[in-house]
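Asks: Sequence:
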Amino acid sequence: MYDKQLREVADDYKSKGIISEYDEYCPNMDSAQEVAMFETCISKKYDIILINAGGSSGLDSCFEEAEKAGILVVPVDNLYPWAGSIGVQTDQTIWAGNSCKAMCEALGGKGNILCFHGQMGATGAGIRGDVWNKILAGYPDIKIVYEGAHNWSQTESKKLMAQVLATGVKYDAILTEEACVGILEAIEEAGAEYPKFMTSDEEVGYLRMLNKINKDKTVVDFYIIENPPGIGASALKAAVRMRAGWKYKDGILKDGTSQNKVLYYTPKFIVTPDGHEGVSLKEAIDKTANMEDTDQVSAYFSEEAIDGMFQ
1 MYDKQLREVA DDYKSKGIIS EYDEYCPNMD SAQEVAMFET CISKKYDIIL INAGGSSGLD
61 SCFEEAEKAG ILVVPVDNLY PWAGSIGVQT DQTIWAGNSC KAMCEALGGK GNILCFHGQM
121 GATGAGIRGD VWNKILAGYP DIKIVYEGAH NWSQTESKKL MAQVLATGVK YDAILTEEAC
181 VGILEAIEEA GAEYPKFMTS DEEVGYLRML NKINKDKTVV DFYIIENPPG IGASALKAAV
241 RMRAGWKYKD GILKDGTSQN KVLYYTPKFI VTPDGHEGVS LKEAIDKTAN MEDTDQVSAY
301 FSEEAIDGMF Q
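Residue numbering for the sequence shown is 1 to 311, as defined by our numbering.
If you're looking for bench data, these hints aren't it; they were derived computationally from the structure.
Keep in mind it's a predicted model, so treat the numbers as computed, not measured.
Treat the hints loosely; a few may be bogus.
[To be verified] Now the in silico label distances, taken between C-beta atoms and shown as ranges:
#1 M29 x S302: 26 to 36 Å
#2 G108 x S20: 54 to 64 Å
#3 D255 x Q311: 16 to 26 Å
#4 D295 x D255: 30 to 40 Å
#5 E304 x G251: 12 to 22 Å
#6 L253 x E303: 11 to 21 Å
#7 K170 x G308: 42 to 52 Å
#8 G275 x D307: 50 to 60 Å
#9 I285 x A192: 43 to 53 Å
Quick reminder that beta carbons are idealized off the backbone N, C-alpha and C, glycines included.
Work the whole structure out from these sequences, hints included.
Replies: Below is the structure:
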């Protein structure tokens with residue numbers, strides 16, 4: 001979906017003569033490949049490079065080289081801390097904060113939880129973890145009884161959850177950065193009890209599993225909030241305007257890392273069992289009826305919205 005929506009915007013801009021060429025590179029979490037592909041883009045003299053970095057270090061020399069070559073580099077989703085850069089990211093304080101608060105309230109402020117991070121070292125995962133820790137500090141009777149990282153992989157989350165179940169640890173809820181399908185598959189294959197509450201984003205397969213589990217009554221309470229793959233398309237729209245010399249209006253950019261500023265996308269698609277916030281599970285199931293299990297409900301800034309952010 002990330003690539004698809006980027007191409008939608010790129011193809012539209014090519015048809016309008018706004019951009020002349022668009023290429024994609026995917027290092028598949030290989031840091032050496034990531035550096036090599038970054039250097040290739042610099043050598044090809046692209047005007048803009050959008051980089052969804054695998055971590056928060058190791059690319060400084062590439063950023064420096066691109067800057068010297070006059071290339072605009074925009075960190076996307078994972079906020080690489082390069083001084084002076086302007087990144088584009090979903091507001092993780094809202095993404096992580098809303099779901100964590102919902103879990104704490106659903107537990108009545110007391111219980112044991114499993115905590116699954118994404119990729120350790122990625123700034124997005126770090127921000128989410130910081131938000132979780134800040135909120136959990138206000139609920140001293142909620143205890144983390146397991147903490148691990150699944151690298152946003154369903155395969156890895158299933159493996160980790162199976163290991164947790166094998167230890168016999170008792171838990172009430174699961175706080176996770178995505179990869180819920182793998183977690184639920186491990187629970188079902190082990191014949192274990194479902195958690196009282198789970199958090200995550202809007203992957204269609206997860207929505208369908210929850211719909212099956214909660215068919216007759218709410219067995220697993222949940223709070224789903226979008227982390228749209230369309231953030232890449234939003235970044236392309238912003239980058240094209242930045243490259244053209246447009247300036248952001250005062251107050252639009254917020255602090256990101258200690259080194260740079262960020263244009264944040266505020267998540268809007270929220271699913272709860274009864275729709276008391278956002279939409280109900282039934283409405284979400286209807287909305288995604290024609291989508292694949294691995295798809296996500298995803299949006300990006302409209303032309304009008306992105307234009308309105310600039311002077």
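Asks: Would you mind marking each hint as holding or not holding in the structure?
Replies: Quick rundown of the hints versus the structure:
1. Take M29 and S302: their Cβ atoms lie about 31 Å apart, and the range 26 to 36 Å holds.
2. Checking the proposed 54 to 64 Å range against G108 and S20 shows it holds: the Cβ atoms sit about 58 Å from each other.
3. As the Cβ distance of D255 to Q311 is approximately 20 Å, the hint placing it in 16 to 26 Å holds.
4. Restraint check, D295 to D255: a C-beta distance of roughly 32 Å satisfies the suggested window 30 to 40 Å.
5. Separation of E304 from G251 is about 18 Å and conforms to the stated range, judged on CB atoms against 12 to 22 Å.
6. Take L253 and E303: their Cβ atoms lie about 19 Å apart, and the range 11 to 21 Å holds.
7. At about 50 Å, the beta-carbon gap between K170 and G308 stays in the expected band of 42 to 52 Å.
8. Against the hinted window of 50 to 60 Å, the Cβ-Cβ separation of G275 and D307 comes to about 32 Å, which falls outside the hint.
9. Checking the proposed 43 to 53 Å range against I285 and A192 shows it is violated: the Cβ atoms sit about 25 Å from each other.
Comparing the model with each numbered hint stated earlier shows that hints 8 and 9 do not hold.
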